[in-house]
Amino acid sequence: MSKQKLVIIGNGMVGHRLAEKLVELGGTEKYEILIFGEEPRRAYDRVHLSEYFTNRSVDPLYLSKENWYSENKIDLHLKEKVISIDTTSKKIETSLGDSYHFDKLVLATGSAPFVPTFEGIDKKGVFVYRTIEDLEQILEYGKSVQKATVLGGGLLGLEAAKALVDMNLKTEVVEFASRLMPRQLDEAASSILKSKIEELGVSIHLEKNTKRAFGDSFIAGLEFVDGSVLETEMLVVSAGIRPRDELAKSSGISVGERGGILVNDSLETNVPGIYSIGECALHNGMIYGLVAPGYEMAEIVAHNLCNSENSYKQYSGSDLSTKLKLIGVDVASFGDALGQTKHIPIAFKNPLTGIYKKLVVSEDGKTLLGGILVGDASAYGNLLALYLNKIELPAEPESLIVGSVSAESSFGAGSLPDEAKICSCNNVSKGDILSAIRNQDCLEMGSLKECTKAGTGCGGCIPQVNSLLKGELKALGKVVTEHLCEHFAYSRQELFQVIKVKKLKTFEEVLTSSGKGLGCETCKPAVASILASLWNETIVHKKHREIQDTNDKYLANIQRGGTYSVVPRIPGGEITPEKLIVIGAVAKKFNLYCKITGGQRIDLLGARMEDLPDIWGDLVDAGFESGHAYGKAMRTVKSCVGSTWCRYGVQDSTSFAIRIEERYRGIRSPHKLKAAVSGCIRECAEAQSKDFGIIATEKGWNLYVGGNGGVTPQHALLLAADIDEDTCIKYIDRFLMFYIRTADKLTRTAAWLKQLEGGIDYLKDVIINDRLGINEQLEAEMQTLVDSYHCEWKAVVDDPEKQKKFKHFVNSDQPDANVQFIEERGQIRPVDWVKEEISVS
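Position 821 (the sequence shown) corresponds to 821 in the numbering used here; numbering is contiguous.
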């Protein structure tokens, strides 16, 4: 029996998914498959297109190996556009002048960027953001400019803005609507997102209707209908998409009045045997601009092409849930996020931390209809599962966002039925995942993602997939692994030991020796932390700097309005009058805002990036050191005045706090560390809310560990009582190094201790009784860090090459003109600080 000819027009993500499903379902035995793509390369991941700016390589984006098509007997035609379809004779003609017969045909032509037609849009320096070729043009042109603007504040627009930020360009975003991401976020969520993005130095302009682009042959700026003007040297248009339906239309295939190829519930066009999927398809008046619905369509068409008509599947529309990291900010929305049906809204908003969470709940309070998460999207996977599978909510639904939804809770993936959908991007159920683990030996995250495709879209379901994997491995009696990410088949603890034993000193060495690929935003900072904890080299050295997060790159916390903080170390809060005068003089010289903090430090806020080396030059000359307020490191050791001044004090808490802070200053760890020393049981230094805290007694000191303040405060637990100073420091050495060795990435001591099997009793056995026989090693490792201490800011002040990194533009020493200040209560602050109260409504 001869095979039928199946032509797929379009080799994007959706066209490729169709091909994958056809191979999986045995379609290559029934069809001779031809795929035509306009681009010069095989299908790649457009969802993560911005990663090209970091890696400058398309290889990590490819959706298949180079020989995948030939191995599966698929005839792939690249750089060959289909220009006509003869629906009567069932032939297509291509841009190369060739024609091909087909029995079945699928249009997966996708979409094209919508480019407004205002005056000047055709000037040089105007680009779209869609393909690798577009990105290469943007990269090349960006070398000659300092300032760029994105037209469009939706998903794609903010992705484009992230790319421009990565190019070190001063970036502006212009949006026609009154809020960012108007299709996914409400006003409150958009306001939080706007503030978070502006903190990173990106300017947002809302409710702007562009009239024209001005300049000679090159763009120089935009003029808006309201008469305002925005100067810019490059414009990236990301104002929406339009379905690529021109081929269908010219071939007599029906299209919608406003665009899109009309399809029925079988995704078939008005011409029998011709289908349409993805962003070019119009189903029930809806065009879906996300990849997940396209994947769902591809799977349905593949099923119908490979099975008899009486077993056809029908398409009933798709969920538009998505989770993204936009310019470093977690954003997620799902279901009826904007509350367009009858509902009860439950919202939590904290502008101080940049977090907004909203649940859209049914009127009877029993089911979740949708939701929005900005700033913290860790609960997305479980909330999405509640929504998709219509699981009844707890009696107090607000607990799902005011607290957190853990993967192990009664609402986690493990409690769902097998038919429950886990990955909405790829339509993967819990049963699919369990089957892959049990029947296909997918016993680690990489193979499980490859086998099921779960977690390869937006990534929001990864915690649920990981939870199912761990649970199933335990049930099978297998060892449960905690891989750092897809690039390292080790947990943080395991990788720590590998780096230590092999004496690896750079990220490149670690990757070559023990990893694969190019690394990611998860593993790079984690490895950077391990290297610093082991070898204590300067993190701004050129071999380390690029794997740090933003704050560590500039040795300062970025603040609202694009300015930075300067926080000198003041051990124990004790400072001489001369040093106080220096801080005041520096603040006055550089026009900085001064704030005495709860950690007994003086924050100097509002520093421009280019001023940081000069500010620290003055401070270092006066004997100040970095306070490490920007790092996952030892921050402060708070103290009361103790027995020196206080009539209740029983020990000299100030002197002990200074000794401790000077011992552990600058030590890098999985998360930030805070400590305190109180001179009596009145606890004025609040030692029991710290990672480790010390309280004086009549006989010596009580040592507490594992406390945290913040959103989920936790009291520290007593590790040892009535010990002397030297014993206390010895126990702290052991405790900190054991934590640094064994904690997962970004885990505070409270969470680490809570997860530690055996809890505080086990920890006492390790630290005090040397249960593991490692205390001598722990003490030696800590002493190595203590002995190799260096002030990170002094390293910059003493090195002109390092100082060159502290400027806004790669090709200019000009300051950022958009950083503006106003005066308030005798001090300055950035003009766009947000003053709102925390609210739960």
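Simulated from the structure, these hints should not be mistaken for laboratory data. The model shown is predicted, which means the values in this text are computed figures rather than measured ones. Incorrect hints may appear among the rest.
[Stated by the list, open to error] Simulated DEER-style distance windows between Cβ atoms:
id, residue 1, residue 2, range
1, Ile581, His715, 35 to 41 Å
2, Asp726, Glu392, 43 to 49 Å
3, Leu25, Thr94, 25 to 31 Å
[To be verified] Simulated crosslink set (DSS-like; lysine-lysine; CA at most 25 Å straight-line):
id, residue 1, residue 2
4, Lys794, Lys764
5, Lys313, Lys21
6, Lys21, Lys81
7, Lys143, Lys500
8, Lys123, Lys30
9, Lys588, Lys672
10, Lys208, Lys123
11, Lys143, Lys805
12, Lys65, Lys91
13, Lys143, Lys730
14, Lys588, Lys807
15, Lys500, Lys595
16, Lys500, Lys542
For every residue, glycine included, the Cβ atom is placed at its ideal position computed from N, Cα and C.
- Does the Cβ distance between Asp726 and Glu392 fall inside 43 to 49 Å? With Cβ atoms ~57 Å apart, the hint is violated.
- Query: Regarding the pair Lys588 and Lys672, is the alpha-carbon distance no greater than 25 Å?
  - Reply: Answer violated: Lys588 to Lys672 is near 30 Å, above 25 Å.
- Sort out whether Lys807 lies within 25 Å of Lys588, counting only the CA atoms. Distance of about 22 Å is within 25 Å: holds.
- Query: For the pair Leu25 and Thr94, does the Cβ-Cβ distance stay inside 25 to 31 Å?
  - Reply: This hint holds: roughly 27 Å between Cβ atoms.
- Message: Check whether the Cα positions of Lys500 and Lys595 lie no farther apart than 25 Å.
- Response: Roughly 40 Å between the alpha carbons, so the hint for Lys500 and Lys595 is violated.
- Sort out whether Lys805 lies within 25 Å of Lys143, counting only the CA atoms. Since the Cα atoms of Lys143 and Lys805 sit roughly 16 Å apart, the hinted pair holds (cutoff 25 Å).
- Take a quick look at whether Lys794 and Lys764 sit within 25 Å of each other, Cα to Cα. 38 Å, violated
- Query: Given the proposed pairing of Lys500 with Lys542, does the C-alpha separation stay at or below 25 Å?
  - Reply: 21 Å, holds
- Message: Check the hint pairing Lys143 with Lys500 against an upper bound of 25 Å on the C-alpha distance.
- Response: Between Lys143 and Lys500 the Cα gap is close to 40 Å, so the pair fails against 25 Å, i.e. violated.
- Message: Would the hint linking Lys65 and Lys91 be met if the CA-CA limit is 25 Å?
- Response: 30 Å, violated
- Query: Given the hint that Lys208 pairs with Lys123, does the C-alpha gap stay at or below 25 Å?
  - Reply: Holds, because 20 Å separates the two Cα atoms, which is no more than 25 Å.
- Message: For a C-alpha distance cap of 25 Å, please report whether Lys21 and Lys81 respect it.
- Response: 23 Å, holds
Of the numbered hints listed earlier, those contradicted by the structure are 2, 4, 7, 8, 9, 12, 13, 15.
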